[in-house]
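Colleague: Protein chains in written order, with the working numbering: chain A, 18 to 262; chain B, 367 to 600; chain C, -12 to 244.
These aren't lab readings, by the way, just hints derived from the structure by calculation.
There's no promise every hint is true.
Below, simulated DMTMM-like cross-link-like pairs (lysine to aspartate or glutamate); rule was C-alpha separation at most 25 Å, straight line [said to hold, decoys possible]:
no. : chain 1 : residue 1 : chain 2 : residue 2
1   : A       : 149       : B       : 497
2   : B       : 417       : B       : 497
3   : A       : 149       : B       : 494
4   : C       : 74        : C       : 99
5   : A       : 149       : A       : 128
6   : A       : 172       : B       : 494
7   : C       : 189       : C       : 111
8   : A       : 172       : B       : 497
9   : A       : 172       : A       : 221
10  : C       : 193       : B       : 566
11  : A       : 149       : B       : 566
12  : C       : 191       : C       : 203
13  : C       : 189       : B       : 566
14  : C       : 39        : B       : 382
15  : C       : 191       : B       : 566
16  : C       : 39        : C       : 106
17  : C       : 189       : C       : 159
18  : C       : 154       : C       : 143
19  : A       : 149       : B       : 514
Keep in mind it's a predicted model, so treat the numbers as computed, not measured.
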Amino acid sequence: MAERGLSVRLAQAGPIPLDAALACAPGEVLGIVGPSGAGKTTLLRAIAGLCRVDTGRVVVDEAVWFDSALGLDVAPHRRAVGLVFQEHALFPHLTAMGNVATALTHRPRAERPIRAAELLRRVHLEGLEDRKPAELSGGQRQRVAIARALARDPKVLLLDEPFSAVDRRTRTRLHAEIAELRDGLSVPMLLVTHDIDEVVRLADRIALLDRGEVRLEGATSQVLESPLARELVWGETAALASRND
Amino acid sequence: MNPEVGGIGASGMDWEALAVSLRLAGWTAIILLPLALLLARALAFHRVPGKGVIEALVAAPLMLPPTVLGFYLLTLFAGGAPLGRAWAAVFGHPLAFSFSGLLAASLVFNLPFAAQPMQRAFESLPPDVREAAWVSGLAPWAAFWRIELPLAWPGIASAFALTFAHTMGEFGVVLMVGGSIPGQTRTLALAIYDRMQAFDYRAAGAMSAALLAVSIVAIALVQGLSRRVGRRNG
Amino acid sequence: MIPTRRATVAAIAALGLVGQARAADSPVVAAAADLASALPEVAAAFQRRSGKSVKLVFGSSGGFTQQILAGAPFEVFLSADEGYVAKLARAGRTEGPGELYAIGRIGLFLPDGSPLKNDMSLQDLGRAAQDGRLTRFAIANPEHAPYGRAARQALEHAGVWAAVRPKLVLGENVGQTTQFAASGSTQGGIIPLSLAAEPEVKRKGKFVLIPDDYYEPLRQRAALIKHAGPTARAFYGFLQTPEARAILATYGFALPR
């Protein structure tokens, strides 16, 4: 287990069975793939503090966020976590600027508008700061969601199928942008996805999750070429990836 | 026949009764809405034990005939009952047949009108929006104030409009618990009844028109706001 | 500084949340509904004389008795009979046994267009109940309205109670009963003489007095409720003055003594 970065060990019997251990180093992108219902989203939510798992431990940069043995469970708003939801989950009544600024409460008031503008620039949304989510395209909304997650100055970045609701062309463009972003980030990143292109493009390592267990873990190309991956991942993801075209 | 009762204008409108109705509706809203909001939110977001029972109790005043409600409340509030006696000890008169008794009854019979629209509004908030608020660093109170409340406010405004209109129009319970005392418990709805019995149809008509107008405005407001709840959280 | 209980109560009262215990400036008078035409005039005369005003609430005598027993803040009670006042006196709610202030009378009212005949012996009423001319007849509820009780007695005395009973529409008080009788939704009813004189009622139909020996006299008694204030007392006394009695007489009330 790495000393810095993310270290996770979680187990529960239900409602979604889980028995997984993972580690992710700072600046590393760990892709999490597997069939639906494998527990990928549950894993991410547990790391964010949105759901409670029976037993386990979540440690980020030596800060313990969850430890069932000690009865410790830090509330999500106290974890410096950035989470990009599948359906962006933007605040409908706030502008793009407002959405990003919500995550900046840990910064002094005077800094917030500057930092928010900077983040929106990084995701190529300058000029659109005053638009509400309803006035943005799907791809633009996800960018705002990413900017908001980054605004938190997170110690770990979690992306839960962030581009599955977006069409293929936009998705390809967003991949490029994420790749560009991650070079400037030095935090562990977990990417849950069904899209093989995405995982090939962005992930350094992959963990293959099935029925709550990590069946295989290692370098992206190695895992993807394994017989297990062929069985669990390829069959399904081919079908899912073509759904949004 | 001369209308001896005070406060009647040339049109026949009983301004005193209107004032009682407005005070009742106003105070009901001020006291009930925050309480109902807490209840509605708890029912929407938390796994409350006995949730089904609580929701049934909240809905009960909708189903109960007003006279049944009035009967039980009067029994509770009357000078002989423990609650009535305790109140009389502090304030010098029983809870029944007083404005405060009316207000207490109003808090009960308006509960579904206040709580249900708000519960629906909270339930219609996409759960991941609340979660996004938390992971963005907002503590539960800040998330409530800055995210949940602005998104749920059409439901809250609906609750206010419904409660207000319903209180203005309530008759059976008000008559039984309040006794139609001019200036204290004679609401506009009761004044209409009183004027009818005195064959003063002109006054009854003027006041009925006023109440009808209130109801129409309230309905229009509620319908407009319900559409906004749907659109907003889309 | 901890506010005194008095101060707190006063503050809450000022907010309009809690009413005053006794509205000494304008006490509430509970009166039987048959006084709905006459009493406002009496109250106006009282105001001219004394400069003070009272608030009037009309309803059934039985209903008010219940409310007073439950602590309703009425200061004077004008019943349509003696029994209800006696009941309150026994329960210790009145100051003394009260006083007779009027004697009421009932009659048959037939709205325009009614197929019934103006028969004060009520025999035609009985025939109408049998031959189908009568489908709905209004009286006050005998259970809690003395005038309703008198109506029942009159119908029984005339021997038509059994025939008419299935057609009865019961008014909660005589005011509502008069509404029913005059509105045209019934073929007629038994209402107080005092309300028959009301212009709105008069122009809607015909009224004929029922003979006094058909029913027990409606001896109407008024009582002062315990802890009544000075204005209430003054009004109670005013009821016995020649001026008040003259007003009541114009509405058909016979006077005691």
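Colleague: Under the constraints set out in the numbered hints, which ones does this structure not fulfil?
Modeller: 4, 11, 12, 16
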